[in-house]
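Since the structure of chain R is provided, determine the placement of chain G on it from the hints.
There are 2 protein chains.
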Amino acid sequence: MTTNIFSKSLLDTGTNEVINPDTYFQNNLPPSTLPEDENKVKEFVNKHDKAGRRIVLVTSGGTTVPLENNTVRFLDNFSAGTRGATSAEYFLEIGYAVIFMHRQFSLQPYSRHYTHSTNCFLDFIELRNDGKIEVNSQYIPKMKSILEKYKKAKQDGTLLLINFVTVADYLFLLRSVTQIMRNLKENAMYYLAAAVSDFFIPSQKMVQHKIQSAEGGLTLTMDQVPKFLKPMVTNWVPEGFIVSFKLETDPSLLVDKSRQALTRYGHQIVIGNLLTTRKLEVTFITKDSELKIQLSEEEVNNDVEIESKIIPELVKRHDEWVKNT
Amino acid sequence: MTTNIFSKSLLDTGTNEVINPDTYFQNNLPPSTLPEDENKVKEFVNKHDKAGRRIVLVTSGGTTVPLENNTVRFLDNFSAGTRGATSAEYFLEIGYAVIFMHRQFSLQPYSRHYTHSTNCFLDFIELRNDGKIEVNSQYIPKMKSILEKYKKAKQDGTLLLINFVTVADYLFLLRSVTQIMRNLKENAMYYLAAAVSDFFIPSQKMVQHKIQSAEGGLTLTMDQVPKFLKPMVTNWVPEGFIVSFKLETDPSLLVDKSRQALTRYGHQIVIGNLLTTRKLEVTFITKDSELKIQLSEEEVNNDVEIESKIIPELVKRHDEWVKNT
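If you read the protein sequences in the order shown, they are chains R and G. Numbered by this note's numbering, the letters in the first sequence go through residues 1 to 325 in order. Numbered by this note's numbering, the letters in the second sequence go through residues 1 to 325 in order.
Next up, chain R with everything else stripped away, as it sits in the complex:
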């Protein structure tokens, strides 16, 4: 047994150099589905740009870091994708077209209300004598409202789903999608709600097969994932309206860490939130302001979702951004 659980690899390497994004893209392989996804995004962006509709990129869910090339084990970030999936619904409702870039199998807009594990729809339906299958009447009011919004988004083609699994998939996809959206300039919003890994194992250093556990423990040494907000803000979409999230567990770090991120990358808003209270309270942090958005007890009791307050506030600020650019 060892007592040295977490040690910065500085100790091992004598350097704190973090590779730059270009090097990252040179040294890692893009996902095989990238060209196909790029085509879908191009078509989607062209269509809605012509129609004069604003477009938002919503990223959602956690990225994985595989420990083996034939992956059995991986490092993951806690995220069911609730924030992203919920937010996407409110963006659609307000008239935005949404590119929903999410972790495979994480929650999606609309279907999130009926996941296979928490609200299994097999409990909501019944076989009738005439052989038809019908939704029980007590579930109809809520389902009707969700179903109508879902069918409208499908009919209008305002929701595009693309997905990722690993942090490499995510980064390649993010670069491609933002570069396609670049021409939208200030009309595009980027709502980065995905929980992106901070550490990774470069694929050329990864073992091929499942790690064997014959004897003793295991030591993993990981490199830091380059901070992609920097090139995104500076080069990929310099005119876009960019919103990032900061999730912490320690309340005393939250505002400082959020402000640091804003200063370092120079984008428009950081939304700070704590693991334990993230569905009840968030803080909007900009260069010169701080706004707390909370749910009242009454709102909590009425199942109001905090995203129903976050999105309109963001859209208001996006309006101002468009006017002032």
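Take these hints with a grain of salt, some might be off.
One copy or any two copies: either way a pair holds, since identical chains are not told apart in the list.
To be verified - Distance condition first, Cα-Cα at most 30 Å in a straight line; then the derived DSSO-like pairs of lysine-lysine:
1) 50 x 132
2) 152 x 142
3) 287 x 42
4) 132 x 144
Calculated directly from the structure, the hints in this document are not laboratory data.
Below, chain G alone, put in the same frame as chain R:
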């Protein structure tokens, strides 16, 4: 950057000692829901034992290893829970009562056919003019068959769902459930399809808050999870019929590793499978036999599930086990 990605912690500690299961249980905290789950299992086991029904414990999905006490990051094992959820359906169909011990949010029997992400049921239903919501006729035949089996299992009370997240949750739950099932002797089957972590970070060594990524990489040193099949076979349920799984990615290791596990723990069957072909082919390995079970091309084209062949073969062997004990 370091080139030393994977090194056995032997190097760090000078020992290859793996803690024994008793020490593990002394040093880790049980999940808070354990007493509640134990009560459910006791009631379920009593009821079906009285009814003369055989009971199988099916474990399913991957366990996590949190890296922080307030968990943002964790290590996970690749598993959607397909094997376990599918197998549970065939056990139910053949007349067993099933304790389905699964990773929270992983696939479940019956609802697995309609997950929120791959077969969203919002695509299958329509709002009628009279305000009712109905399943479209082309989806009825398949859904009818699933729905009927699902309702029957609910009505008969033959399916009990309990869940885990971390490897510690899993191990405490496994010990409790098997000890409750112990009195069933040879009539109980244990079908261990969950993908259990091999490495963990003892909670007393874990950091409290989210690891900060200010500079450089990260080194994680993990202890080996004790092998719980040993006390399970020897002490917890020595008369039970125990089936474990061995997943490998390297075909050349599969049979040897499976046979090693069988020799080491002394249980009845290891089912060996490869990551890439696990839905098409498995190998049953016993002390003195080896049986390959495969799907033909025709069966694959007809959507036959390999579990429809695995479970009847296991039940046949369980029958023999009961007769010969």
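Evaluate residue 132 and residue 144 at a C-alpha cut-off of 30 Å and name the case that applies: within, between, both or neither. both (18 Å within a copy, 9 Å between copies)
From the Cα coordinates, with 30 Å as the cut-off, is the pair residue 287 and residue 42 best called within, between, both, or neither? Intra 32 Å, inter 58 Å, cutoff 30 Å: neither.
Intra/inter-copy verdict for residue 50 and residue 132 if alpha-carbon distance must be at most 30 Å: neither (43 Å within a copy, 37 Å between copies)
If the cutoff is 30 Å on CA atoms, where do residue 152 and residue 142 land: within, between, both or neither? Let me know, please. both (16 Å within a copy, 27 Å between copies)
Checked against the numbered hints listed earlier, the structure breaks hints 1 and 3; every other hint is satisfied.
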